[in-house]
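Need the complex rebuilt from these two chains, each delivered in its own frame; the hints are there to steer you.
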Amino acid sequence: MDQRKRLESYRNRLYGYAVSLTQDPDLSRDLVQESALKALSAKNVPSDEPAFRAWLFRILRNAFLDHLRAANLLAGFMEEETEEPDQDVWTTEERMVDAITVRIAMAAMPASQRDIIALIDIAGLRYAEAAELLEIPVGTVMSRISRARQALLLRISDSNVTPMKIVHGGRRP
Amino acid sequence: MSRLENDWKSLNAYVDGELSPNEAADVARKIARDPEAAAAAASLSSLKSSLLEDAETSDEFELFPQVATPLKANALWQASHLVAAAAILVVCIAVGALYQWSWTGTGEGLSNVAATAWYRQATDIHQEWAVATANERPPSLTITATGNMSAAEIRIPDLSDSGLVPILLEPVSQLGAMDGYRVGYGGSRGCRISLFVLQGAGEIPDHLAELQDGVPQVYAWRHDEARYLLLAEGMAGPRFQLIARTLKNVTAKWQPLAPDVRTALQSNRRESVPCAV
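Residue numbers (my numbering), protein chains in the order written: chain A, 27 to 199; chain B, 26 to 302.
Isolated chain B, as found in the complex (with noise of 0.2 Å):
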């Protein structure tokens, strides 16, 4: 088998998460080094996407017929209780998992937030280059000078379940007294987030550790050496609150999605407005 045939096999993996840690930590600084590999791990994640995307977007029909309704009512009955009952088990632990999560209205918070000059100068990134690219439709992966990138280590998460791939990958530096990059995902419903990944001497001011719906959606949180900021604009609550806590565990262990994961970013996606950019 070809190293080449071994390496496209490795990125479809990758793509579907289906890497272990250290497999994926190899296949993401190819990416990052080979904008060619990039470029292909971008039309796979667009490729998904799009076979979603058409799938999500069938002709309305009924499923059941209203012929089929009474059939086997007694076994529907007993089945319908057991999933239910697994249903409710399921809600609850997410609702928990929800209620874990501080969740800050516009005011206060951004206020403070507002007051952090790094903060403020990511915010100036991600607007525009929000911006700048409202009318394109992704996918169209942007590199800029991934050579000369300081970061030891660059990994870009997969967040294809929820409709949006990678389509920047940009160094970033200076950015109060840390250095980086910076990975910026586009939805094909008009949905740009950032998420710079940055370390140095600099600090997240508590405030910025709590989730911030308003302009811009905003979380950001640590990780050994590592700081995360995750920033968008005019996305459904719920699907950002989402992707802030996939993306915070995902950085943790960099591990691939757990199934229930994905299929709950897929349905987050599918049940969210497009974003109002």
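Only chain A is shown next, with the shape it has when bound in the complex (with noise of 0.2 Å):
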């Protein structure tokens, strides 16, 4: 596989990881055409998977934080969210999970918890990868992945409510 068709393979993804952060198609598209544009001219590439989308999605988060920066706007993102929702976590088992309501409980989430969701979840970071990109402990991943989750999942519980099924009684073939 080419450098490019290897990089076309990430498109989907890095768009979706650059709405993340953006919650804007058009800056997103731009961010993603500038990182690719990067990404291919760079001499060392990583040649492992797991290291290659690292170093993508790293290229990636730092031309969205130099727009910030441009703009003035960096603080505001770096600001972490540190407020603990306040609802039992588990109370949001019992609700349906999809695509058009994450998204939409996505873009009402404060960038750094949309940050790192979408570095595990989009990008598919493990969580020592996201460390080292972040610069933070692993456990910090941990504990941030954790309460990011439970927040998104709170705010769908709130705007989607059909309960899972728990039916009684085995199959005895």
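Since the hints were derived computationally from the structure, they do not count as laboratory data. Check before you lean on any hint, since a few could be wrong.
As the list claims (entries may be wrong) - Each pair of labels, with its calculated beta carbon distance range: (1) A/Ala-97 with B/Glu-296: 33 to 41 Å; (2) A/Ala-96 with B/Glu-61: 45 to 53 Å; (3) B/Asp-51 with A/Gly-165: 16 to 24 Å; (4) A/Leu-100 with B/Gln-280: 38 to 46 Å; (5) A/Ala-96 with B/Gly-239: 52 to 60 Å; (6) A/Phe-103 with B/Glu-153: 50 to 58 Å; (7) A/Leu-99 with B/Glu-153: 52 to 60 Å.
Unchecked claim - A short list of chain B residues far from chain A (calculated; beta carbon distances all over 10 Å): (8) Val-52; (9) Ala-202; (10) Gln-224; (11) Asp-231; (12) Ala-234; (13) Trp-246; (14) His-248; (15) Ala-251; (16) Gly-259; (17) Gly-262; (18) Pro-263; (19) Arg-270; (20) Ala-301.
Unchecked claim - Partner residues are not named here, just some residues of chain B that face chain A (Cβ under 10 Å, in silico): (21) Leu-36; (22) Asn-37; (23) Ala-38; (24) Gly-42; (25) Glu-43; (26) Lys-73; (27) Ser-74; (28) Glu-81; (29) Leu-88; (30) Phe-89; (31) Ser-213.
For each residue, glycine too, the CB sits at the ideal point set by N, CA and C.
Structure (structure tokens):
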């Protein structure tokens, strides 16, 4: 696979991650194209796939941070979300989750929480890879992702209410 | 830190495949015993699937605008050759691994399969369930009397990277002379697969240990005392093969999926047509 095809295979996920960060489709396309070109012209490209993926999403995230810096908005993004959701997380379990609902709920999340969720679930980074990219300990990634998902599920549970089934009585073939 | 918070973090790490085998087994046991934890795990799995699904359906646009094509051609040429060499190596390894798999088409293999009584029972269970839930959009986790399960240890492999989430966990008894449980997975594009985990006096016929592409698609294997039977219908052949191979490896060591396996499952699912149920 040549470099272009390799990058093309990540196009949708790069775009999905960019939208999670920016909430702006046009800006996301620009950032993804800019990042792809940077990757294409790079001299030292990681050969193994996990390292390549982490490297690629780091380029995109840095491009986004540069954009924020230029617009003097970086400080707002870097603020950590420290507020703990006050609802019991287990109360969100009997809810349906679908792509549309998740997208709407994600849009209402703080940027830092969208960032960690998208890095793990869209970019597909391992905790250690996300920790390296964000320059934080792995334990902090673990805390952040669980807290962010908790907040996301609570938002979803406020908008989507189809309960899951629990049936008693086992099958005996 | 509260016990509840620890449980939630562990559950997240479990769904992400970030726990050690022992830790993952602990969480899997909790999921099997506790419907609340199982439902939370299903919600997390579907959250991951939904995010990925949404990202994969992005608007079409050119990754490389035409104006950018001639940029740094020399550097590109050098880089592309290095990457091509690495990619060829990866492809060779993948192809070699695939060839080690015995792939049997419809025909003689299936007629032998059909002759096995316990396999027919398992097939009936899977097909009845697949038809009954065909119009249900996962995730909807159904847990059937898990408290009465006789299996010493219940583990639920994570297939979220392949777009499949557990939507059923139920005990199975007297399947041949074996008991155990079944995990039913569902995808958002109509796929339903069943993984039977069985123990007891029963054997897997040799021909079931070869990948069977037909109706249903089937693969069986054993590790130590446990027998595993995987059933699917209408799934793209390469996707079923990869899932079967992944499950066989997972059930051997119960370790989190390696990054390259997760990537392969994701790519494979992306490139596969929806299941024809």
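Here is what the structure says about each hint:
1. Against the hinted window of 33 to 41 Å, the Cβ-Cβ separation of A/Ala-97 and B/Glu-296 comes to about 38 Å, which satisfies the hint.
2. Between A/Ala-96 and B/Glu-61, the C-beta spacing of about 47 Å keeps the proposed range 45 to 53 Å intact.
3. Separation of B/Asp-51 from A/Gly-165 is about 18 Å and conforms to the stated range, judged on CB atoms against 16 to 24 Å.
4. For A/Leu-100 paired with B/Gln-280, a C-beta distance near 39 Å keeps the hint of 38 to 46 Å intact.
5. Taking 52 to 60 Å as the suggested C-beta distance range, the pair A/Ala-96 and B/Gly-239 conforms, at roughly 58 Å.
6. Here the CB-CB span from A/Phe-103 to B/Glu-153 is close to 51 Å, well matched to the stated 50 to 58 Å.
7. For A/Leu-99 and B/Glu-153, the Cβ-Cβ distance of about 56 Å falls inside the hinted range of 52 to 60 Å, so the restraint holds.
8. The claim that B/Val-52 is not at the interface with chain A holds, since no C-beta of that chain comes within 10 Å of its own (minimum 13 Å).
9. At roughly 12 Å, the least C-beta separation between B/Ala-202 and chain A is larger than 10 Å, which holds for a residue marked as non-interface.
10. Once the 10 Å rule is applied to beta carbons, B/Gln-224 is consistent with being away from chain A; the minimum gap is 15 Å.
11. Once the 10 Å rule is applied to beta carbons, B/Asp-231 is consistent with being away from chain A; the minimum gap is 23 Å.
12. Look at B/Ala-234: its CB is around 22 Å from the nearest CB on chain A, clear of 10 Å, so calling it non-interface holds up.
13. Distance check on B/Trp-246: its Cβ is at least 21 Å (rounded) from any Cβ of chain A, clearing the 10 Å threshold; non-interface status holds.
14. Every C-beta of chain A lies more than 10 Å from that of B/His-248, the closest at about 23 Å, which supports listing it as non-interface.
15. Distance check for B/Ala-251 against chain A: the nearest CB is about 18 Å away, which clears 10 Å, and the non-interface claim stands.
16. Remark: the non-interface label on B/Gly-259 is consistent with the geometry, its nearest Cβ contact in chain A lying 22 Å away (cut-off 10 Å).
17. Look at B/Gly-262: its CB is around 21 Å from the nearest CB on chain A, clear of 10 Å, so calling it non-interface holds up.
18. With a cut of 10 Å on Cβ distances, B/Pro-263 stays outside the contact zone with chain A, its closest approach being about 16 Å.
19. The claim that B/Arg-270 lies off the interface holds: its Cβ sits roughly 18 Å from the closest Cβ of chain A, which is beyond the 10 Å cut-off.
20. Residue placement check: B/Ala-301 keeps its beta carbon more than 10 Å from all beta carbons of chain A (closest about 22 Å).
21. For B/Leu-36, the shortest C-beta to C-beta distance to chain A is roughly 8 Å, which falls under 10 Å, so the interface hint holds.
22. A cut of 10 Å between beta carbons decides the hint on B/Asn-37: the least distance to chain A is about 4 Å, and the hint holds.
23. For B/Ala-38, the suggested interface contact is upheld, since its CB lies about 6 Å from the closest CB of chain A, less than 10 Å.
24. Against a cut-off of 10 Å between C-beta atoms, the interface hint on B/Gly-42 holds, since the closest Cβ of chain A lies about 8 Å away.
25. Proximity of B/Glu-43 to chain A holds as hinted, the smallest CB-CB distance being about 5 Å (cut-off 10 Å).
26. With a cut of 10 Å, the hint placing B/Lys-73 at the interface with chain A holds, because the nearest CB-to-CB distance is about 5 Å.
27. For B/Ser-74, the shortest C-beta to C-beta distance to chain A is roughly 8 Å, which falls under 10 Å, so the interface hint holds.
28. About 5 Å separates the beta-carbon of B/Glu-81 from the nearest beta-carbon of chain A, less than 10 Å, and the hint is met.
29. Interface restraint check for B/Leu-88: the shortest CB-CB distance to chain A comes to about 5 Å, inside 10 Å, so the restraint holds.
30. At a threshold of 10 Å, the smallest CB-CB gap from B/Phe-89 to chain A is about 6 Å, leaving the interface hint in force.
31. Among the interface hints, the one on B/Ser-213 holds; its C-beta lies about 8 Å from the nearest C-beta in chain A, closer than the 10 Å criterion.
Of the numbered hints listed earlier, not one is contradicted by the structure.
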